[in-house]
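Trainee: The lines below spell out each chain.
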Amino acid sequence: MIRRDFLKFGAKVGAATTALPIMLGGTPLRALGRSPLESLLAQSATSNDKILVIVQLAGGNDGLNCVVPHSDPLYKEYRPTLGLDKTADGLLTLSDRDTLAFTKEMSGMHQLYGDKKMVVLQNVGYPSPDLSHFRGTDIWNTATDSSRFANTGWIGRMLSTLNPDYPPTTIPKGSFPLALQFGSSLTNMFFSENGGMGIVINTLPEDDTESTHLYDPIPSPAIIPYQELEYVRTIEKETEVYGQSIVDRSVTTNKATYPTTGTGKLGSQLAGVAQLIASGFTTKIYLVTQSGYDTHSNQETDHPDLLSELSGCIKAFQDDIEASGFGDKVALMTYSEFGRRPQENGSGTDHGTAAPLFVIGNQVVAGVRGRNPLLAPDSLVNGNLAYEAQHDFRNIYASVMYEWLLEGEDKDREELVKSVLTASASQTFSNNGDWTKLGIFKNQPSTAVYGDQFTPGLMLMENYPNPASQATTIEFALPETMDVRLGIFNSQGIEVARAVDEKLSIGTHRITVNTTKLPTGNYMYRLATPKGEVAKRMVIMR
Amino acid sequence: MDRRKFLTGTGTGILAGIGLASVNPLKVLAESDRAIPGYGINQANAKPLPTLSNDLTPYTGPWNDVKLRHVLRRAMFGVPYSQFVTAKGLGSMNAVVAKLLEDKPMPTTPGPWLEKLNIVDRSITDPDKKQIDLQNKQRLSRFEFLTVQDWWFDRMLKEEMNIREKMTLMWSNHFVVGYDVIKQPTFMFIYNQMLRKNALGNLKTFAYEMSTDPAMLYYLNGNQNTYQIKNGKTLNNINENFARELMELFTLGIYDPKTGEKNYTEEDIQQAAKALTGWQPMQTAPFASQFVPTLHNNETKTFFGQTGNFGLQEIIDNIFAKNGGYNVAYFICEKIYINFVYWVPNPTVVGVMAEKLIASNWELKPVVVSLLESAHFYDENVIGAQLKSPFDLMGSLVREFGLVLPPVDATTGAIPAGVDSNTGYNKYNDPNPTHTYLAQAAGMILGQDLLNPPNVKGWAGGHAWVNTGTLPTRKSVAYAALLYPNYFNGNAPRSKGVKIIFDPMSWANSIPGAASMTSVDITNALSDQYLSFDLGSIESGVLESVVSLGLPKDDFYLENGRVAQFAQGIALLPEFQLM
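Residue numbers (this note's numbering), protein chains in the order written: chain P, 57 to 598; chain S, 214 to 792.
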């Protein structure tokens, strides 16, 4: 008898999702960049047991109506119909930067923010942004400069470097995939020179499955058509082994209730991810997608619905993994191919550029990073928001890899990050090899300098003397009485001195810092307040 | 070299040896855990196929069933046995290729319902009624579009021995327009017919007609690319969207195939966009496009180093003249190669094809004929190397297994043929509405939503078709379609109660003399006919044991249930994913 059960695996189908284009033509093929010797010498960073869940907001999330700069009069000028009002629209202001607020639908995320489990990275983007959905998505997935093309993705390259022997010639039963995506075709984010480093499934099978495999393949002659046959057999094998691991997972329920609004897909995908994590899957990267953010029209109703679903699902996911005891092992990151234009078009917004990005988890250093969006007409670029240089999305990738996903000496981790984002030799993903560490996660260094002033009255002056020898004086001004931290950070981003850590009154303050114990070098001093952070560079020389 | 080795009669022995006698072979063999021999190639470091001939030298080897099936599979959506027989009767490669490329009259419109646009009634002032009107029109459009998809799929399934529908699908994935942007079935139908009409015609004419196609004008904002002087004010709404894709995705590609330099500059795009202003889709029948001089920018443009008051024709002329036409010819021939040979183009062969296209003054037919008659095309490394697209898969299931997709009626829960005033569904009186289910299945489940590719680049194809998400589904669809007794109860709303009829005995008996063959011979005959690979002994053994139920090979009889299982066995093999 043939049972019909196997239909359940893979046959449950959602609506067609946009297949990510995987580079086919137009891209020159290239040889493998690294020699085996090189990889032996260079890469001694390794993987750890941390997990990253990536939530793709497909279509271009409107950042301004998500992290709302409600007190900026220009915001409402650009958005006569879509603009949200703090009182009338019940915005949820951010405790440590009340010039920004989440929408009222984002109560779950607001709670995570208040619980210090969420980082809001402002003005994330990249130079010469591309306003096309698919090209934009490709740029984000492949982590290239916008003028460059790659057919491998940042996750694929990282996983391939960490697992140089993958794919193995045999996939042992009970194995877990390195990366798992919910969707309809494998994202180019997961591709490496060695092929797809992850698997894609439509939905999580709910019960037993039967193999659709007729027989085990016998070795075939090594001519190319048979290699294509081997490709299919490999996919079949992956489906069987990984599919069986998924079916056999020990945890098949969730410890939180996920919203079922919208298509319900995001909730079911994140619930599935939480089950796999709770079951002890070693899968390092998960990718889920929420579609519908291309709000050219009807934004007033569509966008709040999307945010409500997003916020509720993320909150449920965080509660779920914490209840399963995995709260310290998992971080979640959102991304979207672009933000949307400040000036509304009447019923919606057109394609834009920079936008906020969220990183969520127990281990993040919570808060808003970066300035409020600069809305003044002369700050806009072709009518779109300027990105913040240190919030180039690849700095975020670099920080997430360096701080969260990798283990090893600083130098080795840096080297690995560099090879993932800035391959040399035959292919270059970017010219920039100097990635800024953002200190997104706890106990991690930061080399970011948040120099832009975003709160009227909050000012940090140049220190003097600079370069300093025995001592230097730092002046700053506060718009109101508030808690203030003034820290000195070395070039590795480690805080080496804390000059101020107290509540100070409104007005100007002058602090003299003893620098005799600090060695010659480049430093940064950073003023952190509830209204935001400001930092500048200084030099100590003896 | 003869790749055939397989059925030696030892199949059942092997099965017995691993204890398969009384259990389901489909299940048991899956449970052993064997090494994957070689991992195969992947999207990232794929290489062209190694072939003996790397140009368009005609094939002069023996004309046999293997070569014949190969060209038919590549040129059509599945090969019905009857068409294989007809093609065999033609006797030679040249006759078969000539037949495949024979000119045909254009199919007629599915019905008068495609002679209007679904536009909201602007005379309605009441906001609620306005909303209802809008929703009704949107719904109507959606159903009519499904019917257009269905109609095209019907063309594929009913196509005689001809390559045109395959070419049309190729072009719809090259000069891409997606319904999700257009939302007017009429424009999608006109666009589809434009592709069909030009599919084997003159590429340069095609490029011009494509550029002025109303759906294309909407899809890439050509209609918004305007320049006008109103009340003394200049409104210069230059939209570069189409100009960019015209060069990047439709004609030249980004890079020069010989030098690797960029084919055009941003300035070229802007200048071309200016030249392309003024084309507007007509809102009334016949829904062609017209050039509106008052919306055209009459300034002098400098494009590819040429200066003049250019319009669309001059831009196309200049694009096609680049490097004596080589860059456009190469880019297009690469697409043809990918569609008919292998997903990684062979640059040498494509180069020869490009020269041929230029020499034929942009006539496409001679290039396709030469390719399908080339030694390269019939190289044994080419045969079986192409992954079936979702429509290849659907075509091979329906046409090769002789599935009957009967009309459905209201009593089964499905929507009857004929006009449905509520839904607008099925207005052209589709004799086979079940097609819609399969066409939708290909789109929604397997990722090829006809006339609605995910973006202007189209479907990636190649390995992207088959992955851990789609392979189980591909097999599930095959499994369900080949059930006996028949049932196929899809979960799409329009397919409730849809029945797909598979008649296993008729299928087996389509092979002449099947009834008197040994179980080994029938296994060989059917797997040869429907797979591009010679099966290994284990596979053949399993199939043979299914059809014979373990009885002696010359003392067994064909029986519906077992033949159906046998058919499923074929369709579930990884080999069936390839052609």
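Because the hints were derived from the structure by calculation, they are not lab data. The reader is advised that the hints may include incorrect statements.
Claimed, not checked - Computed cross-link-like contacts, EDC-like style, restricted to lysine to aspartate or glutamate with a CA-CA straight-line distance of at most 20 Å: (1) K343(S) to E356(P); (2) K396(S) to E249(P); (3) K475(S) to D186(P); (4) K260(S) to E249(P); (5) K475(S) to D358(P); (6) K385(P) to D186(P); (7) K280(S) to D716(S).
What the hints assert, rightly or not - Covered stretches of chain P, going by a simulated chain S footprint (3 or more residues, C-beta under 8 Å): (8) 291-300; (9) 344-357.
Just so we're clear, the structure is a prediction, and the values are computed from it rather than from any experiment. Positions of the beta carbon are idealized from the N, C-alpha and C atoms, including for glycine.
Trainee: Decide, hint by hint, whether the structure agrees.
Mentor: Status of the hints after comparison with the structure:
| no. | hint | result |
| --- | --- | --- |
| 1 | K343(S) to E356(P) | holds (18 Å) |
| 2 | K396(S) to E249(P) | violated (39 Å) |
| 3 | K475(S) to D186(P) | holds (18 Å) |
| 4 | K260(S) to E249(P) | holds (13 Å) |
| 5 | K475(S) to D358(P) | violated (40 Å) |
| 6 | K385(P) to D186(P) | violated (34 Å) |
| 7 | K280(S) to D716(S) | violated (28 Å) |
| 8 | 291-300 | holds (count 8) |
| 9 | 344-357 | violated (count 0) |
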